[in-house]
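Student: The lines below spell out each chain.
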Amino acid sequence: MGGGFGPLLSFLATTRGGLDGHLVGALRKARSSVQSSLVTRVIGIALAAVVIIYLSPKVYALGPSYFLRIVAVGVALGAIYALIAIGYTMVYGIVELINFAHGDVFTLGAFISLPLLVTPFWHLTEETGGGWGIVLPLIAVFLIVMLITGLINVGIERVAYRPLRNAPRLAPLITAVGVSFFLEGVMYLWKGAVNLHYPDLLPSNRFVGGTFSAKDVIVIVAAVILVAGLAFFVNQTKLGKAMRATAQDRDAARLMGINIDRTISATFFIGAVLAAAGGITYGLYINSVNNGLGFPIGLVAFTAAVFGGIGNIPGAALGGLIIGLIRATNDGYVDPQWTDVVTFAILILVLTLRPTGLLGMRVPEK
Amino acid sequence: MNEPILSIHGLTKRFLGLTAVDNVTFDVKRNEIFALIGPNGAGKTTLFNCVTGLFAPTLGRVVFDGSEITGTRPHRVAKLGIARTFQNIRLFDYMTVIENVLVGEHARMHAKLWDSVFKTPQERREEAHVRERARELLKFVGLEKHAESYARNLPYGQQRRLEIARALATDPKLLLLDEPAAGFTPQEKAELMQLVQRLREQGLTIFMIEHDMKIVMGVSERIVVLDHGEKIAEGTPEVVRRDQRVIEAYLGKSA
Ligand SMILES: Nc1ncnc2c1ncn2[C@@H]1O[C@H](COP(=O)(O)OP(=O)(O)OP(=O)(O)O)[C@@H](O)[C@H]1O
Ligand SMILES: [Mg+2]
Chain A
990 MGGGFGPLLS FLATTRGGLD GHLVGALRKA RSSVQSSLVT RVIGIALAAV VIIYLSPKVY
1050 ALGPSYFLRI VAVGVALGAI YALIAIGYTM VYGIVELINF AHGDVFTLGA FISLPLLVTP
1110 FWHLTEETGG GWGIVLPLIA VFLIVMLITG LINVGIERVA YRPLRNAPRL APLITAVGVS
1170 FFLEGVMYLW KGAVNLHYPD LLPSNRFVGG TFSAKDVIVI VAAVILVAGL AFFVNQTKLG
1230 KAMRATAQDR DAARLMGINI DRTISATFFI GAVLAAAGGI TYGLYINSVN NGLGFPIGLV
1290 AFTAAVFGGI GNIPGAALGG LIIGLIRATN DGYVDPQWTD VVTFAILILV LTLRPTGLLG
1350 MRVPEK
Chain B
3 MNEPILSIHG LTKRFLGLTA VDNVTFDVKR NEIFALIGPN GAGKTTLFNC VTGLFAPTLG
63 RVVFDGSEIT GTRPHRVAKL GIARTFQNIR LFDYMTVIEN VLVGEHARMH AKLWDSVFKT
123 PQERREEAHV RERARELLKF VGLEKHAESY ARNLPYGQQR RLEIARALAT DPKLLLLDEP
183 AAGFTPQEKA ELMQLVQRLR EQGLTIFMIE HDMKIVMGVS ERIVVLDHGE KIAEGTPEVV
243 RRDQRVIEAY LGKSA
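In order, the protein sequences belong to chains A and B. Under my numbering, the first residue of the first sequence is numbered 990, with each subsequent residue one higher. Under my numbering, the first residue of the second sequence is numbered 3, with each subsequent residue one higher.
Because the hints were derived from the structure by calculation, they are not lab data. Be a bit skeptical, because a hint or two may be false.
[Claimed, not checked] Across the chosen pairs, the derived CB separations fall in these ranges:
{"id": "1", "chain 1": "B", "residue 1": "Arg200", "chain 2": "A", "residue 2": "Ala1129", "range": "35 to 43 angstroms"}
{"id": "2", "chain 1": "B", "residue 1": "Arg133", "chain 2": "A", "residue 2": "Asn1194", "range": "16 to 24 angstroms"}
{"id": "3", "chain 1": "B", "residue 1": "Gln89", "chain 2": "A", "residue 2": "Ala1129", "range": "46 to 54 angstroms"}
{"id": "4", "chain 1": "A", "residue 1": "Asp1240", "chain 2": "B", "residue 2": "Glu203", "range": "26 to 34 angstroms"}
[What the hints assert, rightly or not] Here are some, though not all, of the chain B residues that point toward chain A, as calculated from beta-carbon distances under 7 angstroms:
{"id": "5", "residue": "Thr54"}
{"id": "6", "residue": "Leu56"}
{"id": "7", "residue": "Pro76"}
{"id": "8", "residue": "Lys81"}
{"id": "9", "residue": "Arg86"}
{"id": "10", "residue": "Arg92"}
Backbone N, C-alpha and C fix where the C-beta goes; we use that ideal spot for every residue, glycine too.
The shape of chain A in the complex, shown without the other chains (with noise of 0.2 angstroms):
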């Protein structure tokens, strides 16, 4: 197993009952109470105050294009980490579910994508690689990977998760760390449990004195066009307005004729298909990819969704963009090794103080 998994599970599994109580009731007090306190603000001033003054020595030490660099990162990985929160989001706000399993869903689509970079018709490997013939197989390899696991996580629903959608809350919760450990194991049967190495095909030209790369701005860029097809599909069609609906009212969507159960699978294929093409930018990026690096970056996905206001589709791009931007200014300034530390910190201290997040929980889109 990844690192991290067992100490996480052990987390979930001794406060399980906790998990729903309170991370669950925090979420659902959250729909009443929008506005946030003065006690809140104030330790939001505070907070922030502190970590500007901690910060600005050492990065007026280290200068002005190391800091560019660090926003770079922090905004392609954040660009990822928004893929993959929307797909938490989109799912909490359907069937009010913590899909545990959807970092798995992420590391399948970087998996998934491995052996089709190389068939009959393209070959896209470092040796090959290079220049703008990579680009029209890249976006097939995308197509079918979004495709194929968007499939994949409607039969997951269909399995796991649709049995139990008039159980108690706990139980599909309980069920989606279950998947989550499925799909860790069926990629540790196919590919064993190393770190696999992803080909670095995007160029990596550097501008403005070496800060950004081209690999950086290839990735905000496929982020921002699938966060913006996703926008245009919610909001101007059929199926995005039904799906809107059902997350509104479940019961007064299927009385408008609304087919709920097609309306949930299309939440999970597209939640999957952008946490797919998620883990192959991943892999694009970062070159590395194993088995269970999912689970500790859907987490900090899911803090994104949380921070960003859950259930609430701009929320979720908003908190990844700063979550990630975050991380990265801690791993650049302070150290790597708390960086989890403090995402997790964020994700309490969220829930405690402003449980509906930056933008709130649905809100209206005008």
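Dock chain B with the ligands against chain A, hints included.
Tutor: Here is chain B with the ligands on its own, set in the frame of chain A:
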């Protein structure tokens, strides 16, 4: 054409020992205004839930427009032509007024996902038509000026009317209204009665639960009375008004 639009045969719904609806049988005729009344907890809303497919009945059958719909899933029931409003308003709060209505229209559209992603001519034509109809419905309930407001920001009375417009958007044959006048001013109640009459004139059948006796006696042609899940009376307003068991149920003697 004289066969009933809705027949309920021996309908029973039990929840863990509590029998909410107990062997109830009655018909709703085509194009009538029919009322279901009874004290709190009598099982009226539960009966609506069984008809619309939100609950599967424990026993009994529901026949709508000649076909059996017992246990049919709600979205199928909606497509067959039954729409409803809820006792406690359940709008899509974070959608605009017109979007709420469009959700109902969309379920009937033919254009596929493909068409709406690529905005094919077929989709454009249908979308324009559907928006037009949504505006007409809003006008019908007097909400055309609020089309772009968020549903949650409407005052209470308007939310109730929006719920009716949304239900009509599915183009139903039978409209179920669960306490449509709850919390209304006398003025709003009068308007509601007019609205119900107009809908009937357009060919709809109205089946409503209502506590306000003035409305019930004023607009409905026939009434069924439930008490503790059982049907205790059925007939015209005059008959029901004078029924001994109904009077007792409402005065609380049966408790
Ligand atoms: N989902 C449910 N689970 C368990 N019991 C239920 C459920 N729904 C309704 N009941 C019970 O069934 C009985 C009938 O409830 P119902 O809501 O149908 O009454 P009603 O006639 O609509 O009353 P009111 O006039 O107050 O709306 C009540 O005792 C209620 O507590
Ligand atoms: Mg009721």
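Student: Hint says 35 to 43 angstroms; check whether the CB-CB distance for B:Arg200 and A:Ala1129 agrees.
Tutor: Violated - the Cβ-Cβ distance for B:Arg200 and A:Ala1129, about 57 angstroms, lies outside 35 to 43 angstroms.
Student: Hint check: is the beta carbon of B:Pro76 less than 7 angstroms from a beta carbon of chain A?
Tutor: Where the cut-off is 7 angstroms and the nearest Cβ of chain A is about 4 angstroms from B:Pro76, the hint holds.
Student: Once the shortest beta carbon distance from B:Arg92 to chain A is found, is it less than 7 angstroms?
Tutor: holds, 4 angstroms
Student: Does the beta carbon distance between A:Asp1240 and B:Glu203 stay inside 26 to 34 angstroms, or does it fall outside?
Tutor: holds, 30 angstroms
Student: Between B:Gln89 and A:Ala1129, does the beta-carbon spacing fit 46 to 54 angstroms?
Tutor: holds, 53 angstroms
Student: Next item in the hint list is B:Lys81. Is there a CB on chain A closer than 7 angstroms to its CB?
Tutor: At about 5 angstroms, which falls below the 7 angstroms cut-off, the nearest Cβ of chain A leaves the hint on B:Lys81 intact, so it holds.
Student: Using 7 angstroms as the Cβ threshold, decide whether B:Arg86 counts as touching chain A.
Tutor: holds, 6 angstroms
Student: Taking the CB of B:Arg133 and the CB of A:Asn1194, does the distance hold inside 16 to 24 angstroms?
Tutor: violated, 48 angstroms
Student: Answer holds if the nearest beta-carbon of chain A is closer than 7 angstroms to that of B:Leu56; otherwise answer violated.
Tutor: Given a least distance of 6 angstroms, the restraint on B:Leu56 holds.
Student: Please check whether B:Thr54 passes as an interface residue: C-beta within 7 angstroms of a C-beta belonging to chain A.
Tutor: Since the shortest Cβ distance to chain A is 6 angstroms, the answer is holds.
Violation of the numbered hints given earlier is confined to hints 1, 2; the remaining hints are satisfied by the structure.
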